[in-house]
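**Q** Residues per chain are reported as follows:
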Amino acid sequence: MSPRRASRLPRVTHRAREALYGYLFVIIWVVGFALFTLAPLAQTFVYSMHHVIVEATGITMQPAGWKNYTRALFTDPTFVQLLIEYAVETLASVPIVLIFSMLIALFLNLKFRLRGVFRTIFFLPVVITSGPVIKELVAQGATTVPQIAQSTMLVEFVEQLPTYLQSPVRYLLTSFILILWFSGVQILIYLASLQKIDRSIYEAAAIDGASAWEAFWKITLPSLSTTNVVVAVYTIITLSHFSENKVVRYIYSQTYVIQGGIGYASAMSFLYFSVLALILLIVYLVLQSRARKVSA
Amino acid sequence: MTAGLERLKKGKRLASLAGYLGRGISWLRQHQDGIKALFFGTRSSYGLVFTVLLYALLVAIGFVYLYPLLFMLVTSLKSPADLLNPMVQWVPTELYTGNYVKALRVLSYQRTLLSSILVSVAPSIVQAAVCSLVGYGLARYRFWGKRLLFALILATFIIPPQNTVIPQMLTYRRLGLLGNILCLVLPASMGQGFRSAIFILIFYQTFLSLPRVLEEAARLDGASDPMVFLRIAVPAAVPSYIVSFIFSVVWYWNETYLTVTFLEGGIQTLPMQLSRFVQAYENLYPPGMVNIFDRINEAVKLSGTFLNILPLLVMYLLLQKWFVESVERTGIAGE
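Residue numbers (this note's numbering), protein chains in the order written: chain W, 71 to 366; chain L, 76 to 410.
Hints may be right or wrong, so weigh each one.
[As the list claims (entries may be wrong)] Computed spacing ranges between beta-carbons, pair by pair:
| # | chain 1 | residue 1 | chain 2 | residue 2 | range |
| --- | --- | --- | --- | --- | --- |
| 1 | L | GLY99 | W | TYR272 | 35 to 43 Å |
| 2 | W | ALA209 | L | HIS106 | 38 to 46 Å |
| 3 | W | GLU284 | L | SER284 | 29 to 37 Å |
| 4 | W | TYR354 | L | VAL389 | 33 to 41 Å |
| 5 | W | GLN358 | L | GLN185 | 49 to 57 Å |
| 6 | L | ALA131 | W | LEU105 | 41 to 49 Å |
| 7 | L | LEU193 | W | TYR272 | 45 to 53 Å |
| 8 | L | VAL124 | W | LEU291 | 41 to 49 Å |
| 9 | W | ALA86 | L | GLN395 | 31 to 39 Å |
| 10 | W | VAL158 | L | PRO362 | 36 to 44 Å |
| 11 | L | ARG186 | W | ALA209 | 21 to 29 Å |
Simulated from the structure, these hints should not be mistaken for laboratory data.
Fair warning: this is a prediction, and the values are worked out from it, not measured in the lab.
Just so it is clear, CB atoms sit at the ideal spot from N, CA and C, and this is done for glycine as well.
This is chain L alone, in the form it adopts within the complex (with noise of 0.2 Å):
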């Protein structure tokens, strides 16, 4: 009696979960296209799936670029004690800036600093402007043998510097020039600098993309093509300035080998003093003299680092809009 009622229970619930389900069905079939727009995409939105894949690719591939200068923020700020706790991962005790204090010390951080912003600005702003002066002379004049010229361009970014360093060197060491910034801007000067090449083709593009008409009014006015070009062309060109003028800052600050070789005993640059900053961090705490806390550890050489980015991370966040868009305008692809 009570098992029949059960199994009369049993089937009644049975064929209402199949009526359920046959309307779930159903109203599937009615709203099919929507839930597959919803899910896949249609020509104007992305879908669901599509757009949960992106985002956790994106914050995946993000991470990994994050994840450095995360471990060298949060490990900057442990203290003696937190670094020797296992414990301690990613969040640590206390706030700890006694590491930047001895970076700062040990890298002698506004010397440093300025010699960085010096080395690294002159170059660019002589660099910029005669790439530009060479890009427009290729972008708006035909004469023989530009071919070679581009490939002769094409050259001095291949060449590495080893080819070409030491019998510069010797020569500023004659001239004693040698750990002044002349060496750096002297080529620099004449289209000879920290890849040039990259900044004559942009040049290059730009100036080829921007419309001769405006030039060649100027011209039947009377105004001389060196008139034409300053008047002109440079005004039109300002952004390809702005983005040059960036990158060749970020690329000589970052630019090692050529500073260490000319600048060596001179000017000391901020990527120079980090380099030898466990031998200068022993010249100022000498690791007999002071206690095992003082003792130069992972904490102190990546608040190092860090202070090393620090200004051009600023730099980055304030003129992020720079980098980005009229990269994009003015084509550094340049094919």
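Bound conformation, chain W alone (with noise of 0.2 Å):
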């Protein structure tokens, strides 16, 4: 029996058998990805190109350039100003996110009374924060904290300050409530690895007289640099594929108008891209040479 198998089989070696395995049980992404994935955002980049009409018997294309991105760059005064307030506004909210969940995950990973009743409380924005339930939050007023944002003393420092820095501090003292809103998973990510790291580590560096707070910056901060980056990434991309964010609001808006329709918000849509993966490399970078450096 196992001769005759060997010789109808004759050179799957181990490893070969290996990856078909492998491969068998990735497949299914692989084709998923396909349909699902590429072939729409090749579609969409297609329409990009041109003036798309939808009619009842279904859409008609009309080839036009790169005429969809000029007029979303240079003759749209809307979108490149949303773009920008959503470039500044995310990338004035990630710190925050790291240090304010860095904050809590190292709060609620200390031993004290009551740390359920804490925990449970922390980890309500990942079940709640949703598109309608945030925009009718923020409309009824339940998401700033009115009588710091409209303080005569913040307002007038605020006018003190250079232009480039004044919407990105408005925008985080109206909106502060609303960022922390949004750091639930992190305080997960970040607990997670805080309970990865060896306790041992602790113990020796206590034996050798150092102090909890020597400790947190050699030990602790070392040890989360990948971490860091995990959690600014997922930061990054839920601000921006938030259903209420407003480029993409806006982009939704103009999908179903006449002028422009679909082939316009698709060429929104890859600037919209382009503009979050570059965000997501500036972001990477720093968090990158940063733990380069605190390694070093």
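With the hints as a guide, dock the two chains, each given alone in a separate frame, to form the complex.
**A** Here it is, written out as structure tokens:
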């Protein structure tokens, strides 16, 4: 029996068999990627180079070259404005989410009474953060601390700042609570990483006379450098894909407009995507260089 | 005479005060370490100052998170008279449930709740199953192109939905699937659901951290690879399945961009109905026809919002343990 089988499948080595099964497990994803991501992505790019008109019978396309792109960048006054605001606000939010969620995770990693209760409260945003809910809460003023944002002292202070700093600072003041609301999963990620750090390193440091403060800067922070990147990427993506994001809403509103429609919305999607990629790259490089400095 | 007596008394008093102080200081010196420990902590406890600071910060931040919920709950229980009364801030004069009665009608709660459950549960089951398959393949087998595959998986996480949704929508329209739950289940069944990348990475981490010994033993006993996966890997990864399922449900529930694009005109979910709350309200209670107290106000809107998150809130409180603890165990961090 077995010699016959071997002769039928002569050259199937152990390694090839392993690879074959590996492909069998992931093939469904590869097909799905081609069908549901790559093909639509390519199609969207094609749309962005055309004037697309949707009719009851189907769609007709007229080639437009890069006209949709030039329109978005040079003619449409709203889009570029929104894009810049989005970039500035995202870049301003990332450090806040990073520091805040790390701090909370450090707290929750300590042992104290009522820890469970506080955990339950701090992960609430994971459950609640959805577009319509946030929109409703913002509209009803439940996400700002009005007394702080409108206090004359702060208004004066913001006005003294250089112009390029004014809008991010104002954004941070008015949406501070909102930014914190986007920190739920990030706290979880930090907490998971903190628990992976070997306790014995801390014990060794304590025996050598290191204080808790020194241990944080010399042990905890360097151990979290990879996690920082993960959290930063996650934060940027969540903020950028959020359905109440201004750019996303603008693109959506333009999709069903006769003037431009799908072609124009597709071009804007690609421009948005490239800005998003740029932001990711910047944050990645910054965190990576910092990580190298810490480990050096 | 009296002045001298006074001075003497004063001097005595001062002397005794100094004596007390001296004794106090020496007592402090004797117990220096203990007091320092009480306020600033030792190696085994945190100390009073630190503990007070910790709780103060935690309560402050916790309040930031709870404030919108409290605001929502309190406002939604206010009667129209309370809303107009500037004296009523945090404690309504009566428990007014009229807002909820209206919001339930406007949201057509029973129907939208059921469809919301369907829309979030069905793709989540499929998504967890498929992502575990892919994660297992990546964690257990060596094959060419794995790095590329990881890069592509990350790409699916990064690409904004706007860049892929319109052609999909048009295809579904051509197939007559628009408004059908299949629009969400089909992509999920091939690992392209909402945030599938994260779940693949969770399962990859999980299977990587499970010992291989059992699986190899089963293989020696003649089990085939799919058998090993089903009989040994899957049971060992149950916590990851639960975590993935829960997060998937929450994210699908809260997702509105895809659901609006794919399901509009067909299935109506709770968040979808909430986003057109005003319009639906005015259909039911036309502004010109009803008296001023039945016009739409923020209390009705907020009770709608609260009804929207209530099911998730209940689920969160029931399954809290899974949210917090097993996330730590399954290593969602995914380096």
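**Q** For every hint, state whether the structure bears it out.
**A** For each hint, the structure was consulted:
| no. | hint | verdict |
| --- | --- | --- |
| 1 | GLY99(L) / TYR272(W): 35 to 43 Å | holds, 37 Å |
| 2 | ALA209(W) / HIS106(L): 38 to 46 Å | violated, 58 Å |
| 3 | GLU284(W) / SER284(L): 29 to 37 Å | holds, 31 Å |
| 4 | TYR354(W) / VAL389(L): 33 to 41 Å | holds, 39 Å |
| 5 | GLN358(W) / GLN185(L): 49 to 57 Å | holds, 52 Å |
| 6 | ALA131(L) / LEU105(W): 41 to 49 Å | violated, 54 Å |
| 7 | LEU193(L) / TYR272(W): 45 to 53 Å | holds, 48 Å |
| 8 | VAL124(L) / LEU291(W): 41 to 49 Å | violated, 23 Å |
| 9 | ALA86(W) / GLN395(L): 31 to 39 Å | violated, 47 Å |
| 10 | VAL158(W) / PRO362(L): 36 to 44 Å | holds, 39 Å |
| 11 | ARG186(L) / ALA209(W): 21 to 29 Å | holds, 25 Å |
Taken one by one, the earlier hints fail for this structure at numbers 2, 6, 8 and 9, listed in ascending order.
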